[in-house]
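Engineer: Residue numbers (the numbering used here), protein chains in the order written: chain A, 1 to 333; chain B, 334 to 638.
When the alpha-carbon atoms are kept at most 25 Å apart in a straight line, the in silico SDA-like pairs for lysine to any residue are as follows: (1) K512/B to N98/A; (2) K79/A to P435/B; (3) K198/A to Q212/A; (4) K100/A to A363/B; (5) K512/B to G103/A; (6) K79/A to P41/A; (7) K79/A to M348/B; (8) K100/A to W635/B; (9) K79/A to D166/A; (10) K342/B to V86/A; (11) K512/B to R29/A; (12) K342/B to P127/A; (13) K126/A to L351/B; (14) K79/A to R346/B; (15) K100/A to L638/B; (16) K100/A to L354/B; (17) K512/B to R68/A; (18) K342/B to R128/A; (19) K100/A to P181/A; (20) K342/B to R122/A; (21) K342/B to P167/A; (22) K126/A to G152/A; (23) K79/A to L427/B; (24) K79/A to D637/B; (25) K342/B to V124/A; (26) K342/B to D166/A; (27) K126/A to S341/B.
Ranges of calculated distance between the beta carbons of each label pair, as one might list FRET restraints: (28) Q42/A to S341/B: 31 to 37 Å; (29) L611/B to H21/A: 53 to 59 Å; (30) R145/A to L509/B: 29 to 35 Å; (31) S80/A to A372/B: 49 to 55 Å.
Residues of chain A clear of chain B, computed beta-carbon distances all greater than 10 Å: (32) G72; (33) A177; (34) G229; (35) Q232.
If you are wondering where the hints come from, they were derived from the structure by calculation, not from laboratory data. Cβ atoms here follow ideal geometry from the backbone N, Cα and C, with glycine treated the same way.
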Amino acid sequence: MPMRPSMGEELRMELAIRTEHLTKIYSQRLIAVNDMNLEVPQGSVFGLLGPNGAGKTTTLRLLLGLQRPTAGHAEVFGKSCGPNAVGVRSQIGYLPTNPKLPGNLRPIEYLDLLGKLSRLPRQVRKPRISALLRAVGLLTATEQRIQTFSTGMCTRLGLAASLVADPPLLLWDEPTAGLDPTARRFTLDLIRELGKTKTVVVATHILSDIDQICDHIGVMHEGRMIFTGSMQDMKRRLRRSDFRLELEGDAEDIRRLAHEVTSLKGIDAHLGAGQILLVRITDDRSRSRALAEVLKLVDASNLSLQAINSGQNVTENAYLQLLQEDEAHGFQR
Amino acid sequence: MDSSAKISKLGTRMMPYLAILRYDLRTLWASRLVRLWLAATALLTLMLALANWTKFQDAVLIASLLFPYLVFPWFFVVVVLGVNPVSGSQAEALADGILSRPVSRCGYLLAAWSARVLLVWGVYLVVVIPVIALVTLAKRPVPEDAVTVYGIVTALGVVGLVLTFLVSLGFLMGTLLRKPLLAVVVLIFVWYPISLILSIFSLEEFSPISLVQALPTQLRQSWREVEGKSETNVAKEDMNTFTNQFSHFFSVLSGTKPKPKASNPEFFESKKFEDFSLGWVTLGYGLPTLVAVILATLCFYWRDL
Numbered sequence: 001m002p003m004r005p006s007m008g009e010e011l012r013m014e015l016a017i018r019t020e021h022l023t024k025i026y027s028q029r030l031i032a033v034n035d036m037n038l039e040v041p042q043g044s045v046f047g048l049l050g051p052n053g054a055g056k057t058t059t060l061r062l063l064l065g066l067q068r069p070t071a072g073h074a075e076v077f078g079k080s081c082g083p084n085a086v087g088v089r090s091q092i093g094y095l096p097t098n099p100k101l102p103g104n105l106r107p108i109e110y111l112d113l114l115g116k117l118s119r120l121p122r123q124v125r126k127p128r129i130s131a132l133l134r135a136v137g138l139l140t141a142t143e144q145r146i147q148t149f150s151t152g153m154c155t156r157l158g159l160a161a162s163l164v165a166d167p168p169l170l171l172w173d174e175p176t177a178g179l180d181p182t183a184r185r186f187t188l189d190l191i192r193e194l195g196k197t198k199t200v201v202v203a204t205h206i207l208s209d210i211d212q213i214c215d216h217i218g219v220m221h222e223g224r225m226i227f228t229g230s231m232q233d234m235k236r237r238l239r240r241s242d243f244r245l246e247l248e249g250d251a252e253d254i255r256r257l258a259h260e261v262t263s264l265k266g267i268d269a270h271l272g273a274g275q276i277l278l279v280r281i282t283d284d285r286s287r288s289r290a291l292a293e294v295l296k297l298v299d300a301s302n303l304s305l306q307a308i309n310s311g312q313n314v315t316e317n318a319y320l321q322l323l324q325e326d327e328a329h330g331f332q333r
Numbered sequence: 334m335d336s337s338a339k340i341s342k343l344g345t346r347m348m349p350y351l352a353i354l355r356y357d358l359r360t361l362w363a364s365r366l367v368r369l370w371l372a373a374t375a376l377l378t379l380m381l382a383l384a385n386w387t388k389f390q391d392a393v394l395i396a397s398l399l400f401p402y403l404v405f406p407w408f409f410v411v412v413v414l415g416v417n418p419v420s421g422s423q424a425e426a427l428a429d430g431i432l433s434r435p436v437s438r439c440g441y442l443l444a445a446w447s448a449r450v451l452l453v454w455g456v457y458l459v460v461v462i463p464v465i466a467l468v469t470l471a472k473r474p475v476p477e478d479a480v481t482v483y484g485i486v487t488a489l490g491v492v493g494l495v496l497t498f499l500v501s502l503g504f505l506m507g508t509l510l511r512k513p514l515l516a517v518v519v520l521i522f523v524w525y526p527i528s529l530i531l532s533i534f535s536l537e538e539f540s541p542i543s544l545v546q547a548l549p550t551q552l553r554q555s556w557r558e559v560e561g562k563s564e565t566n567v568a569k570e571d572m573n574t575f576t577n578q579f580s581h582f583f584s585v586l587s588g589t590k591p592k593p594k595a596s597n598p599e600f601f602e603s604k605k606f607e608d609f610s611l612g613w614v615t616l617g618y619g620l621p622t623l624v625a626v627i628l629a630t631l632c633f634y635w636r637d638l
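From just these sequences and the hints, can you work out the full model?
Structural biologist: Here is the structure:
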């Protein structure tokens, strides 16, 4: 009788990526990845976020087996990663930052070579190559050698290259780097589309990209994973206590309103550029009630409210807050 | 399982290896170094053949054509070709393009090594074989010589084996040292005094110069002779010819007259090798080649890309 997998095993099988105490130290000097525990659920679009030098690329290269961990280990779909883990790499489509492509080849030749490396038979390889070239908008450039390609074209070819073997996991490192707005929009749409059927890990430091496409997020800082969870969890971390009121009316009335708002208990206000009033709820009181009191004062004044929003980009705030917390707790680390 | 299914399974397994091999061969062929080498080696071989057309018998002339591959200058090109696949900026492109795919490092290294060996053998044979055919078939104003097909094949094989060893040595150094220029410099310093190094270990028989000296004897050997042979029997004139051959080679290159003979030839002759054992030479170069490839593979396996 076949044995049923245990609960732990089932959970493990649902993970696309799992790392345990993954550590990479270069030449006994530079800690690139520091004791990282990461779990990426299957079918998620996972944003690996962090400033430059946080260890994002090293993490991806460890998963691919291009580098060997100093300690700990990594698994992809339950299989151990390593230099000879061919089975692991057959499940991964990798897009490096500004991919270095063989300039002497043409796009079809390059994709054909990659198809052969993935052991795809000709009858699968050829139609897929033409479909991919059409999808990334390079059909008109098939006669050109890759060395004549612009950065954007190289990235698009890199995207196609990562999809040749139709792998269930995509590791894309800075996929929007060096792209113009149209190409960037195309790439983000593609990720969203691919996320319906595949697990996608996007390493980037561009917060707006993460905000638009990811449902899970991991924040890295100085080689450490300082947060992992859903985007909702990430946004929840931030107490949105800043509000920005865009007003229309006399400047003297706005100044008076600021004074009145500051006199309310637990609310601080000051003037921003133009006709903007920045309101901060300073203590633990209910934010909705506090905001209602502010709006009542606006209503009573000679001013009209044009717009109200909660300060900066939420994800950006949460991210910066995480980095600040990590810096502050440096000693405890 | 029927044979066609077996072949198709083997074809699928070999697909990455063959793809890398073809890609590497194509890239190598597109390089200026290889094209220049092919042109230069063809030119030099023709020059040597024409300069010695009326001077040397077949065996000596053929051996003189093989001299540039064993001693100077083509070993340098062969070493450079061996050094570059996993070193320098090549490594990054390699990691991004090939090793992030379902290819094992060992598989990649073997394919890259095979491509270089095939290319070196290809250039060498494409140039040498037609000239040897010309030398052996043409009526030249020199005494008849008993060069055999077996002798030609084994002599070409021995030179090819040395070239394979050089590619493998370049491969190992390129993997170990990572910087192509440093690897080439180290190899030049290793290969030039190789005769001296081998003589320290009483292995002069394997030095490239000893091999060149012994090639005429090998070229005249037949398959049957090898089977029944117990002692070597070399014409002394060949050795005398070879005493002057190296200076003659350089005089052809430089266009100057050859230097006069040494006044005391016995002193030099005491260390000349008139013959070599094919088995020993095959083992002597084959084993280090194998060791170099295995070490390069191990070194590459442990390396971060």
